[in-house]
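Here's the letter readout for the chains.
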Amino acid sequence: MLGNLWREKKPRQLIIQIVAIVAALSLLGFFGRNALNNLELIGRDVNYAFLFTPSNYDINQHLIEYDSRSTHLRATIVGVINTALVAFFGILLATVIGFTAGVARLSSNFLVNRISYGFVEFSRNVPVLLWILLCHGVIVHNLPHPRQALSAYDLFFLTNRGVYSPKPVFEPAFWGVVAALAVAIGGACCFYRFAKQRQERTGQQVPVYWTNVSAIIALPLLAFWLLGFPVEFEFPAFKRFNFEGGLVLSPEFLALTLALGVYTGAFIAEIVRSGILAVSHGQTEAAYALGIKPNFTMRLIILPQALRIIVPPLISQYLNLTKNSSLAIAVGYMDIVATIGGISLNQTGRALECMSIVLAIYLSISLSISAFMNWYNKRISLVER
Amino acid sequence: MKRMTIRSLFLAVAGFAITGLSHAGTLDDVRARGHLQCGINTGLAGFAFTDDQGNWRGFDVALCKGVAAAVFGDASKVKYTNLTGKTRFEALKAGEIDVLSRNTTWTYSRDVDLKLTFLGVSFYDGQGFMVPASLGVSSATELSGASVCIQTGTTTELNLADYFRRNDMNYEPVPIESNEEARQNYLSGRCDVYTTDRSGLAATRAALDNPDDHVVLPETISKEPLGPLVRHGDDEWGDVVRWVLNVLIIAEEKGITSDNVAEIAGQMSKDAEINRMLGSEGEYGAMLGLSPDWAVNVISSVGNYGQIFERYLGVKTDIGLERGVNALWTDGGLLYAPPYR
Amino acid sequence: MTGSSPEQENHQELPPPRTQVGVVGWIRGNLLSSPTDIVLTALSIYLLYELIPPIANWMFFDAVFADVEHRRECREIGAGACWAVVWKRFDQFMYGFYPEHLRWRVNLTFGLLFVALIPLLYDRVKGRRYLLRLPLIYPVFAFCMLWGGWFGLAPVESSKFGGFLLTMLIGVTGIVVSLPLGVALSLGRHSSMPVVRTLSIWYIEFIRGVPLITLLFVASTLLNYFMPPGTYFDLLLRVIIIVIMFSAAYLAEVVRGGLAAIPQGQYEAADALGLNYAKSIRLIILPQALKISIPGIMNTFIGLYKDTTLVIVVGLLDPLGIGRAALADSRWQGLSTELYIFVAMGFFISCFAMSRYSLYLERKLDTGYKND
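Protein chains in written order, with the working numbering: chain L, 38 to 422; chain A, 107 to 447; chain P, 630 to 1001.
Mixed in with the good hints there might be a few duds.
No more than 30 Å apart at the CA atoms, straight line, and that leaves these computed lysine-lysine pairs for DSSO-like [stated by the list, open to error]: (1) P:K908 / A:K185; (2) A:K422 / A:K183; (3) A:K221 / A:K376; (4) A:K183 / A:K360; (5) P:K717 / A:K422; (6) P:K920 / L:K415; (7) A:K185 / P:K717; (8) A:K183 / A:K221; (9) P:K993 / P:K908; (10) P:K789 / P:K717; (11) A:K183 / P:K993; (12) L:K46 / P:K908; (13) L:K47 / P:K789; (14) P:K908 / P:K789; (15) P:K908 / A:K183; (16) L:K276 / L:K415; (17) L:K233 / L:K415; (18) P:K908 / P:K920; (19) A:K376 / A:K422; (20) A:K422 / A:K185; (21) A:K360 / A:K376.
By construction, these hints were calculated from the structure, which means they are not laboratory data.
With the hints as extra help, turn the sequences into a complete structure.
Here you go:
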């Protein structure tokens, strides 16, 4: 009887699935019961109320209002923003480095090719944690003290406590400039569409690119001038110990961005290289045979095809970079792991609660990126035949 | 391929998973296991560090050895677990270690909320500031606007935030995970001030190439009583650790050192407390569940408190700490052990 | 076919122009082929000029290689790197605190690792079919050797493990154990049963969604909450389990890529032959899918090997941790760059070698469906 059930496909699958559900549930139940027992045994509960009590510690980099009287919850938000910040700039840098090195790897120039090869191999074969520590060490040890800051026109200062620059303070009238920019971008989009339709209809081309670029630059500038320069600058100035005022990028932030950019950039370089190589040479030849100029061949034939291969692994590298930013604690950059998962945890001793928050935040970031990936993959697979 | 991995996993699990389901008592567990599990720092000059042979040494380590000597009569029967500021309490609560001896400050919430038992103070510390002499700062109240290097995972950042807040000063906190990194940052000028426990400051300063170029400011902004701790709920085991610490202090008070302890134990002393402690009078060891001569073992293997201090932290070491408040109460310090009677 | 005219036959083959061959030709072809090329070459030379001399001076020419006892002695001799700290602690970097008189066991174990791997790595070894069984018994052997406690070998506690020994141990165990798990997970994700598929996806997405460092931290602090009271796992074992769980999820994705690349016809052919699910997977699908996935598997392994540096956050002393412990010794304080560079070189050499091997494999196995 049972043997029969097993031999038939449908019942067998049903049995396997029931067993899988029961196993998964009992495993979860086992862990849950143990957790409850253990918490009872040491007389603790799971309680997130501490999030609303003052954190009692300071954070050096906070884009939103924060001091040591703010709550742990606010400290968490500061951490999330800091993670997002370093991830964003890291991704930007990694992309630039990656595409440059990837294209340089394909260069026919021997030196460029070899330097790029050496860079890529050295970067990706050394653990990212070491990169972070090395970058931080180089910045902190080799740049001058604020008193001997390297300055550019007394506006920008390069020190081992970070890079200082004037900070724009916007007046309300600045919204006019933002509006002008929005109008310019909207107009550019319309013009692009119009030009495309016109080309399809009549075959005539209009200089879309230059028109749009100049519109997007000129219109806000015009508004800026008309509104009477509604921006003031706060300049950094050296006080007793430090530069005060202005915009500052801390060495921790710089080191982390640089290390993540270099490390991930090396992986992206390989992705770009193999993506371009994967587009068969016949495509280039066919394009030339059709009389398409080399410039257009790259832009219209090779790149679109290469990008389809490049983008999925590229996004997974972006995700890796975001997760690797959790190594920020090695240099004392206050990201999620260092705030809620670090100092808050240590002060309150609520490890279970704090770690669950950290895991939940990372998970939601990753899952939303993965959802985007799935959407993108579906979209490009529609193009395939 | 598959068969191999299943087998090796099975072996690994069977080999490692030690299930000590009995909650009879930590002392019995330790005895049954054959070694003490002691949690120490991952590396802090003077308190826990490795020598070139890879042996753990230091002030905190000596206490672990003392407890092992009390239980087994052999100071080497210790398994050290290196813990960071974050992992230390969880490791203790989970039973991964029997005693935590990792320059841990005794605070209300750690004692009460985290359900841990502190067993006395092995070292009286307090948070201070170190600045380069060239900065021309003579008091911590002049530090407004400075960048301050702090080691995270300690009570330090709380004290710092409180202090600057109380004095209406602002500062840039530069939080660093390890003492070594913090020192690097301070030296390179990433921060103007380095703040940590005064013992740590002294250790750091002494190890600098030109110690005279740096000054420790006079303010002590917090009380940091450091001591060993165990889990709540096992008082017998707590007593063992507490009295190992007390014996070290009493031994110094009575002038018993690792060199003369055997001699003193061998003969009846005129001081009855010495006789009780060293096991030649009464059944005091048995009260604690230990052998009569347990204190002799402790002292002969690690020395008395003063010897440990001089060996790892004292003026003759690189750290170069004065006894200060850590002197015996008879010498004007705070060390005061209850009588052994 | 060869309808060549007499003129061509008489024509002597001329040597290529001077500027196309030899050193000159190479330089013209590879460095100075166009104005842009010349600019790029000049920039590259400038970059190398700025980078190489200072680094070389610091690392070699101004460096102190003498076996000194204190960093001050180094400073008296030269201004460059002070390599004594690395030599003094070299054994620690390799073995951690593994007892000195027992280190032959580590050497033997890792020596034999390569012997066991030879039949896997090269296919031209005689009697390969029999030698292939070696890797199957190797893990058991390695386990007994390293931890001892069997066959009269003195037991060694796992807290004594450290340095590159720890890295190798975590890396090798991680990949070996997680490979079958990863294959199972990827088959689960590829399965037609919704429950199995959902569970696999949840697991994979969860593990891949969080950084390893937080998982390690959970393992080191919170795992005990989820075990029956009194259960105690060795920290190293907990870390290894987490690493296995972690890399299994990543391998599952790699193998999934391999599975997806198998044409549907292969499944249909297996069905047509009357093979059941297990047999068709074992005999038809997996051999092909794994072959395609080998570069990905190697990459995951290299990544895992590098990620072992993260165990420092839970207090295990990997090479980086050993370096930091050395810095806590007041005699060697401040020599972090030397130690980091040494560790970086250690990782670079091993990872680079592995990635070269992976390339070699990729080329060797490149026989599949690449006929576009």
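The hints, checked one at a time:
The suggested pairing of K908 (chain P) with K185 (chain A) is violated, with an alpha-carbon distance near 49 Å, which exceeds 30 Å. With a CA separation close to 29 Å, the supplied pair K422 (chain A) and K183 (chain A) stays within the 30 Å bound. Distance restraint check for K221 (chain A) and K376 (chain A): the Cα-Cα separation of roughly 42 Å exceeds the 30 Å cut-off, and the hinted pair is therefore not satisfied. For the proposed pair K183 (chain A) and K360 (chain A), the alpha carbon gap of about 27 Å is at most 30 Å, so the pair holds.
Note on K717 (chain P) and K422 (chain A): the hinted pairing holds, with a Cα-Cα distance of about 24 Å set against a maximum of 30 Å. For the hint pairing K920 (chain P) with K415 (chain L), the CA-to-CA distance comes to about 26 Å; that is within 30 Å, so the pair holds. Pair hint K185 (chain A) plus K717 (chain P) holds up; C-alpha atoms about 24 Å apart against a cutoff of 30 Å. About 27 Å separates the Cα atoms of K183 (chain A) and K221 (chain A), which keeps this hinted pair within 30 Å; it holds.
For the proposed pair K993 (chain P) and K908 (chain P), the alpha carbon gap of about 27 Å is at most 30 Å, so the pair holds. Note on K789 (chain P) and K717 (chain P): the hinted pairing holds, with a Cα-Cα distance of about 18 Å set against a maximum of 30 Å. Between K183 (chain A) and K993 (chain P) the alpha-carbon distance is near 54 Å, which puts this suggested pair outside the 30 Å criterion. With a CA separation close to 15 Å, the supplied pair K46 (chain L) and K908 (chain P) stays within the 30 Å bound.
At roughly 53 Å between alpha-carbon atoms, K47 (chain L) and K789 (chain P) are farther apart than 30 Å, so this suggested pair is violated. Between the alpha carbons of K908 (chain P) and K789 (chain P) the distance comes to roughly 45 Å, so the proposed pair goes past 30 Å and is violated. Distance restraint check for K908 (chain P) and K183 (chain A): the Cα-Cα separation of roughly 54 Å exceeds the 30 Å cut-off, and the hinted pair is therefore not satisfied. In summary, the hint linking K276 (chain L) to K415 (chain L) is not supported, as the alpha carbons are separated by about 57 Å, beyond the 30 Å threshold.
For the suggested pair K233 (chain L) and K415 (chain L), the alpha carbons sit about 26 Å apart, so the restraint of at most 30 Å is met. Taking the CA atoms of K908 (chain P) and K920 (chain P), the gap is near 18 Å; set against the 30 Å cutoff, the hint holds. For the suggested pair K376 (chain A) and K422 (chain A), the alpha carbons sit about 33 Å apart, so the restraint of at most 30 Å is broken. Using a Cα cut-off of 30 Å, the hinted pair K422 (chain A) and K185 (chain A) holds, with the two alpha carbons roughly 29 Å apart.
A threshold of 30 Å between alpha carbons decides the hint, and for K360 (chain A) with K376 (chain A) the separation of about 12 Å falls inside it, so the pair holds.
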